[in-house]
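Given chain A, put chains B, C, D, E and F in place with the hints provided.
Number of protein chains: 6
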Amino acid sequence: MIYIVRKEHFNAAHKLYNPKWSKDKNMSEFGVCSNENWHGHNYEIEVTVKGKINPESGMLVNLKYLSKIMKEEIIDKVDHKNLNLDVPFLEGIITTTENVTIKFWEILDAKIKSLDNSECRLHKIRVYETPRNFVEYYGEK
Amino acid sequence: MIYIVRKEHFNAAHKLYNPKWSKDKNMSEFGVCSNENWHGHNYEIEVTVKGKINPESGMLVNLKYLSKIMKEEIIDKVDHKNLNLDVPFLEGIITTTENVTIKFWEILDAKIKSLDNSECRLHKIRVYETPRNFVEYYGEK
Amino acid sequence: MIYIVRKEHFNAAHKLYNPKWSKDKNMSEFGVCSNENWHGHNYEIEVTVKGKINPESGMLVNLKYLSKIMKEEIIDKVDHKNLNLDVPFLEGIITTTENVTIKFWEILDAKIKSLDNSECRLHKIRVYETPRNFVEYYGEK
Amino acid sequence: MIYIVRKEHFNAAHKLYNPKWSKDKNMSEFGVCSNENWHGHNYEIEVTVKGKINPESGMLVNLKYLSKIMKEEIIDKVDHKNLNLDVPFLEGIITTTENVTIKFWEILDAKIKSLDNSECRLHKIRVYETPRNFVEYYGEK
Amino acid sequence: MIYIVRKEHFNAAHKLYNPKWSKDKNMSEFGVCSNENWHGHNYEIEVTVKGKINPESGMLVNLKYLSKIMKEEIIDKVDHKNLNLDVPFLEGIITTTENVTIKFWEILDAKIKSLDNSECRLHKIRVYETPRNFVEYYGEK
Amino acid sequence: MIYIVRKEHFNAAHKLYNPKWSKDKNMSEFGVCSNENWHGHNYEIEVTVKGKINPESGMLVNLKYLSKIMKEEIIDKVDHKNLNLDVPFLEGIITTTENVTIKFWEILDAKIKSLDNSECRLHKIRVYETPRNFVEYYGEK
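Protein sequence lines, in the order shown, are assigned to chains A, B, C, D, E and F.
Reminder that position 126 of the first sequence reads as 126 in our numbering, one-by-one numbering, no gaps.
Reminder that position 19 of the second sequence reads as 19 in our numbering, one-by-one numbering, no gaps.
Reminder that position 63 of the third sequence reads as 63 in our numbering, one-by-one numbering, no gaps.
Reminder that position 8 of the fourth sequence reads as 8 in our numbering, one-by-one numbering, no gaps.
Reminder that position 88 of the fifth sequence reads as 88 in our numbering, one-by-one numbering, no gaps.
Reminder that position 112 of the sixth sequence reads as 112 in our numbering, one-by-one numbering, no gaps.
Treat the hints as calculated values from the structure; they're not laboratory data.
Any given hint could turn out to be false.
Since the list gives no way to pick out one identical chain from another, each pair is judged satisfied if it fits inside one copy or across any two copies.
To be verified - Here are the computed lysine-lysine pairs in the PhoX-like style, where the Cα-Cα straight-line distance is at most 20 Å: (1) K111 <-> K68; (2) K25 <-> K71; (3) K20 <-> K111; (4) K50 <-> K124; (5) K50 <-> K64; (6) K124 <-> K52; (7) K71 <-> K23; (8) K7 <-> K77; (9) K141 <-> K50; (10) K124 <-> K68.
Here chain A stands alone, though its shape is the one from the complex:
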């Protein structure tokens, strides 16, 4: 059982805002992150897949293929976008790194389960909002 990790990045705007709350409540809960005119980040996403090495290729999964999946399923949809306004799969959620990471998991988990190499499974997603703040998710309910 081996684990292999690929890192990609994207730049996006967002704000933390719960529309059910007053502006004051949003400010007291989210602080400057609730600035109505948005702020943004250079996000980084690390995807870990696990499984058995294919003895023919010596690889668990071709990283170029994993990178391609990450780009098509995630990066192309969030890069240079507003996470609150422009991303269908994030609609209606508060765009905390926690919530965003779980949505990325749902998309990539389904995609990776459909790969030919049935041994290969999504193990972990780590999303860096900044180098000092990041979230990890293992698909645990």
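For chains B, C, D, E and F alone, kept in the frame of chain A given last:
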């Protein structure tokens, strides 16, 4: 003559957009950076000051003081903000890293010239938009 | 179950020295780290908490709050200090990164257990002594 | 139970090539990584050992000793070498990071099991091929 | 006068070897870097251009365009290649970072001089062989 | 004219303290950096030398040799030391990064001038006290 550098960071939203141009012209010139709903970055700013060492303190300038100036004059005004909408000193300019860096220079240069230590001058500002894209300015006309 | 990580830093002096041993035994065991006049590091501490996302806020825990706890309970007590001489909660221990990390755990674990959000638990502490040497602790006995 | 990590680096050439396959099949599977004249990387290796802290020394294992083992058993044999041609313990395998990491595990696991401190065990090896591509192995079959 | 920097990376094999010297002389001069079976690096290249900001676009040069030039003129020709064997413009030179950097300068300087924006000039090239070893060139004879 | 840079690191303790001043004056000037029991840093030093490439070797200077000079002249004397107490060439100065950098310059400049390759000169020394605070010196009076 010694040079001393302090690095700070801020997170902001922006877009590249020239209101005199059509939306198509903006898109052809700025690409995804012109996305109308904004995107954003974890910016980093490095400020270099130069001058003679004060023989009493062994310092050119107290870095805590330089850091305080950077925070009060720059970071507090741009962090968790929209560079196009929320920052008075950026009003009316296209928020490329080039233009933003020059505005930072103008503010910090005036402030540092007003310091007690008359030997200390602003030498360089470097602004990272991403770890792969950055701008340097030395106050050259 | 989501994991969220906050990183802070501090600068401190220390030495590795067991007062029950001779100076020679300390030198043979700890090498240059036992230099009697101290040496020091730019330490980094990463704290991981885990739990369920609060559906109202979309957050496990407000990172500003976690950062505040780390600063008040740890950073303010070790930053620009001598770990062997200036830190009450490290008294009497050899200040290896292993021992220091466990002390940080004890303090933060108790504090985090007392938070309102009863779902939120300390999961892991990682302390970097240098970018090449670091320790991880999960509270395992 | 504490975990301690040491990071080392080495620079090496390699190519991904299965001699049982045609050149075309190698190219379609491995792409530019199969370039017959080799390419190379600045590899980084992080070794995590786990165990109980020795109460006399406050250490799980002296990092200088762990570093020495990594240098003698691994770095000296792969640094400034061709992984496909120059390294006896990699002979006959495809030099994917997956395969290389498992070979490093086998060597270091045996060596660490032979240490005096019987509590200390190899826990994890992480090998970075680039800052964006890396593999983790825990000795799981 | 503003300076803007773009960073790209490539992975390549090479060795330091002067065919006019004996193998022993090569070993005594270049050490392990002369290993006949090659070694390799994750190279990074930072290109700085300087000039006046275009007031219409707020940019010195579109970084996407600068990145495209770097990829077409340099990266595509050296990435996943052997610098001694596979790169026509490096033929006959010893592939030290010094020599490689100057060749990159010659190619990019000519290309950038041919850009529409006649104000924009190549200012500096920095090439990292490792994070600890790098070369800078300003086109000075 | 080419510039080549080598980076090394060392870990040291120090405090900022002017013995001619009262303890209060030291505290008001240097803040927590004047803590009497010391603090410390993971310092990094980057040395840039400049000159003409030797056409025989393709090198300005063998980086292994530059690294050896840095280690023998600087690192061995400051690593795991107290900059205020243990380093003869720093005696009597306030150990600000400014002062330390100039002392490093004086030692390395003299040493490099005595090298065989008379074309090779020290150009710049950069010393990082932390990733956020660093000093640069070019030998300018």
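Hints and how they fare:
1. Proximity of K111 and K68 under a CA criterion of 20 Å is satisfied intra-copy only: 12 Å inside one chain copy versus 31 Å between copies.
2. Taking identical chains as interchangeable, the C-alpha atoms of K25 and K71 are never at most 20 Å apart, the minima being 36 Å within one chain and 25 Å between chains.
3. Within a single copy, K20 and K111 get their C-alpha atoms no closer than 33 Å, and across copies no closer than 31 Å, so neither meets the 20 Å cut-off.
4. Taking the shortest alpha-carbon separations for K50 and K124, both the intra-copy value of 9 Å and the inter-copy value of 14 Å come in at or below 20 Å.
5. Taking CA atoms no more than 20 Å apart as the test, K50 paired with K64 passes inside one copy only; the shortest distance there is 16 Å, against 32 Å between copies.
6. In this assembly of identical chains, the alpha carbons of K124 and K52 lie at most 20 Å apart whether taken from the same copy (16 Å) or from different copies (17 Å).
7. Proximity of K71 to K23 under the C-alpha cut-off of 20 Å is found in neither arrangement, the shortest distances being 35 Å within a copy and 26 Å between copies.
8. Only within a single protomer do K7 and K77 lie at most 20 Å apart by alpha-carbon distance; the minimum there is 16 Å, versus 24 Å between protomers.
9. Taking CA atoms no more than 20 Å apart as the test, K141 paired with K50 passes in both settings, with 19 Å inside one copy and 12 Å between copies.
10. Taking the closest pair of Cα atoms, K124 and K68 come within 20 Å of each other only inside a single copy of the chain (18 Å); across copies the shortest separation is 28 Å, beyond that limit.
Taken one by one, the earlier hints fail for this structure at numbers 2, 3, 7, listed in ascending order.
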